[in-house]
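Trainee: We have chain A; now place chain B onto it with these hints.
2 protein chains.
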Amino acid sequence: MIDFAFQNPTKIYFGRDSLQNLSGEVRRYGNRVLLVYGGGSIKRIGLYDKVMEILRAENAHVWEISGVLPNPRLGLVKEGVKLCKENDVQLVLAVGGGSAIDTAKAIANGACYDGDPWDLFERKGENTSVLPLGTIVTLSAAGSEMSDSSVITRESDMCKRGRNTPFNYPKFSILNPEYTFTLPPFQTACGIVDIMAHMMERYFTRVENVELIDRMTEAALVTVINNAPVVMEKPDDYNARAEIMWAGALAHNNLLSTGRTGDWASHKLEHELSALYDIAHGAGLAIVFPAWMKYVLDKDGEKKLAQFARRVMHVEDDFGSDRETALEGIARLEGFYHSLGLTTTLHENSIGQEDITRMAERAIKLGGGSLGSFVKLGVSDAEAIYRLAL
Amino acid sequence: MIDFAFQNPTKIYFGRDSLQNLSGEVRRYGNRVLLVYGGGSIKRIGLYDKVMEILRAENAHVWEISGVLPNPRLGLVKEGVKLCKENDVQLVLAVGGGSAIDTAKAIANGACYDGDPWDLFERKGENTSVLPLGTIVTLSAAGSEMSDSSVITRESDMCKRGRNTPFNYPKFSILNPEYTFTLPPFQTACGIVDIMAHMMERYFTRVENVELIDRMTEAALVTVINNAPVVMEKPDDYNARAEIMWAGALAHNNLLSTGRTGDWASHKLEHELSALYDIAHGAGLAIVFPAWMKYVLDKDGEKKLAQFARRVMHVEDDFGSDRETALEGIARLEGFYHSLGLTTTLHENSIGQEDITRMAERAIKLGGGSLGSFVKLGVSDAEAIYRLAL
Chain A
1 MIDFAFQNPT KIYFGRDSLQ NLSGEVRRYG NRVLLVYGGG SIKRIGLYDK
51 VMEILRAENA HVWEISGVLP NPRLGLVKEG VKLCKENDVQ LVLAVGGGSA
101 IDTAKAIANG ACYDGDPWDL FERKGENTSV LPLGTIVTLS AAGSEMSDSS
151 VITRESDMCK RGRNTPFNYP KFSILNPEYT FTLPPFQTAC GIVDIMAHMM
201 ERYFTRVENV ELIDRMTEAA LVTVINNAPV VMEKPDDYNA RAEIMWAGAL
251 AHNNLLSTGR TGDWASHKLE HELSALYDIA HGAGLAIVFP AWMKYVLDKD
301 GEKKLAQFAR RVMHVEDDFG SDRETALEGI ARLEGFYHSL GLTTTLHENS
351 IGQEDITRMA ERAIKLGGGS LGSFVKLGVS DAEAIYRLAL
Chain B
1 MIDFAFQNPT KIYFGRDSLQ NLSGEVRRYG NRVLLVYGGG SIKRIGLYDK
51 VMEILRAENA HVWEISGVLP NPRLGLVKEG VKLCKENDVQ LVLAVGGGSA
101 IDTAKAIANG ACYDGDPWDL FERKGENTSV LPLGTIVTLS AAGSEMSDSS
151 VITRESDMCK RGRNTPFNYP KFSILNPEYT FTLPPFQTAC GIVDIMAHMM
201 ERYFTRVENV ELIDRMTEAA LVTVINNAPV VMEKPDDYNA RAEIMWAGAL
251 AHNNLLSTGR TGDWASHKLE HELSALYDIA HGAGLAIVFP AWMKYVLDKD
301 GEKKLAQFAR RVMHVEDDFG SDRETALEGI ARLEGFYHSL GLTTTLHENS
351 IGQEDITRMA ERAIKLGGGS LGSFVKLGVS DAEAIYRLAL
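Protein chains in written order, with the numbering used here: chain A, 1 to 390; chain B, 1 to 390.
With the rest of the complex left out, here is chain A:
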């Protein structure tokens, strides 16, 4: 275990009646509210009306930023910042998934910064305060509801940048599993893959003597795997949705990072896939992560991958060697992704090897010359991983 600092101040309201807590939070932070959301889904499920009803009961003044898309853009952030500054907004309230929340985070920070909000993502400036931020979650995936990170894309050059700061922790997040009942199966599946990836990026570490967090991470992975078929089969199963929703928040709130360094190469390699082809993040991770595992297996990765295979994928301990055990674990993970209706190869997405070098070079360049820490990857390693994903 390595030395660490850990703090997560976000207040979680979880459950069927969790939305009622919004009133108290508005009273606490102020009733000049900027609502940030995506498309029509929050209107379709009636959540928009319920939120507005609560805000009206608090005599709130409400401004809106809507139309947030996946890979949320700087343009909307700037619009939101302007609204906040012009109207003395007191609370930024995201309703949606990671994109709405990340947009709201960028707005809440940008509203307390004099220059271009993009400066903050390029580390050209720092805000010293932040507007209070709340979230109402409708998608279990990104874990942004309890995380210190926000990822925004600048449209002009499609440059995607993340920023981690304690200012990004929401003051409160409202998680009601019912809001995820009507998600399309593909989105549910992608969310499950993303949640597991957040856990696995932290799990695959070279830091030794991390038994507690290893085991807690395995516990969370097993829970997601057990509940995934239930929600795929029965999207309105409250209990299974609840397990996945709480796991999704804990996956990314940094508890599972304590005492260790994570890897995160698979996430970065996937970003190139999503950037170049129109592949959803979770769907891309289902392709990249198994390939990454196969590659690092032979780079002194056998022991940890075999532990993963045994404890998470329940591979019986009779495969003769860590390597065989690990390979069986990876195969079962691929089988699990298939069971969610996802693909695990580039070919299944009509993608060949033509862009592999380009993606590898870009990913490594963006990583500052290398990616990952479980195995430090250069361009040829990244190429090999994409090739294993063919």
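These are computed hints drawn from the structure, not numbers from a lab.
Every residue, glycine too, gets a C-beta built ideally from N, C-alpha and C.
Some hints could be false.
Example chain A residues on the side facing chain B (calculated, C-beta under 10 Å, incomplete) [claimed, not checked]:
1. Ile2
2. Leu212
3. Arg215
4. Thr217
5. Asn227
Mentor: Leaving out everything else, chain B in the frame of chain A:
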């Protein structure tokens, strides 16, 4: 899973170099510091000198409350409150285990309340603010370093009262496993039992569909059980001490309570043992918890106890019935306590049945007519449990 609210704002600094963060915290909260500690152990291990050196470097004004004993007393709390009020103390800093921390919590709250600090424990008054509180932990057991609770005893009638309030969360806690190297084996053992009890009180719940937190709790229990023999054998094993120390904080920070109700009957039944006989809290729990398990087994407790036996005590699943599996799990838990050098019966402590009725009546009365929620206990149930512990 039941609806819940969860927030834990305490900042954790963990590891060999964690003490260095004290400087920044003093700069943040103020350098008029009240130090709260127990006896000589923090001086013996050189920690007192190190803390004073850091405080001196920050030009701190330091007042001291020392001599805190197990089951910490109201008298010292009052002395501390007086010091805080007279000297405009800005930071209350506990150095020690649960007793020093609980005393510091009571002082930090009492300093912001006009009346007798005992009022707060009797719910006769409420403070609306609290002095910033920091802790430096030297004993893994009570988990007070990351909890919202504080337990104080009034000397005049030996009345023991707990108070849970968000004001009790320390602003920061410094956890260096090295500070636990020189603990006597008995104290280490009692701490391990206490940590596991905090997990098990939360684990034994009637709330269904709590797979994530069940599995994370099992992960933490298994980790403590695996590392316990290491620290008993080799008290200065950093890695094993670190696993137990972090598990001890997470055991009681309410994460493992999310979505469920806990039981806590065993804790209350143990308090009577400690009150009447001179038994340490952890040593008493090693006696009471197995007896409680045996009793609730036949009150529809088979299923959860069998799950505990399989997943935590690694009982093979071939005992023919949940009941047999559960009994084997309880036997292995007793065996584990013995392996720590602890006893699991009253007789081994020269305690007979003479006070059983008295303890049972008192415990149930203090519980307001019943104890526990996994099984709701009355006086005859409590008596039966004490008898099973004979």
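Trainee: Taking 10 Å as the limit, does the beta-carbon of isoleucine 2/A come near enough to a beta-carbon in chain B?
Mentor: holds (7 Å)
Trainee: With 10 Å as the cut and Cβ atoms as the points, is leucine 212/A at the interface with chain B?
Mentor: Result: holds, 4 Å to nearest chain B Cβ.
Trainee: Can the hint on asparagine 227/A be confirmed by a CB-to-CB distance to chain B that is less than 10 Å?
Mentor: holds (7 Å)
Trainee: Is the shortest C-beta separation between threonine 217/A and chain B less than 10 Å?
Mentor: holds (8 Å)
Trainee: Would you check whether arginine 215/A satisfies its interface hint, that is, whether its CB is within less than 10 Å of any CB in chain B?
Mentor: holds (4 Å)
Checked against the numbered hints given earlier, this structure breaks none of them.
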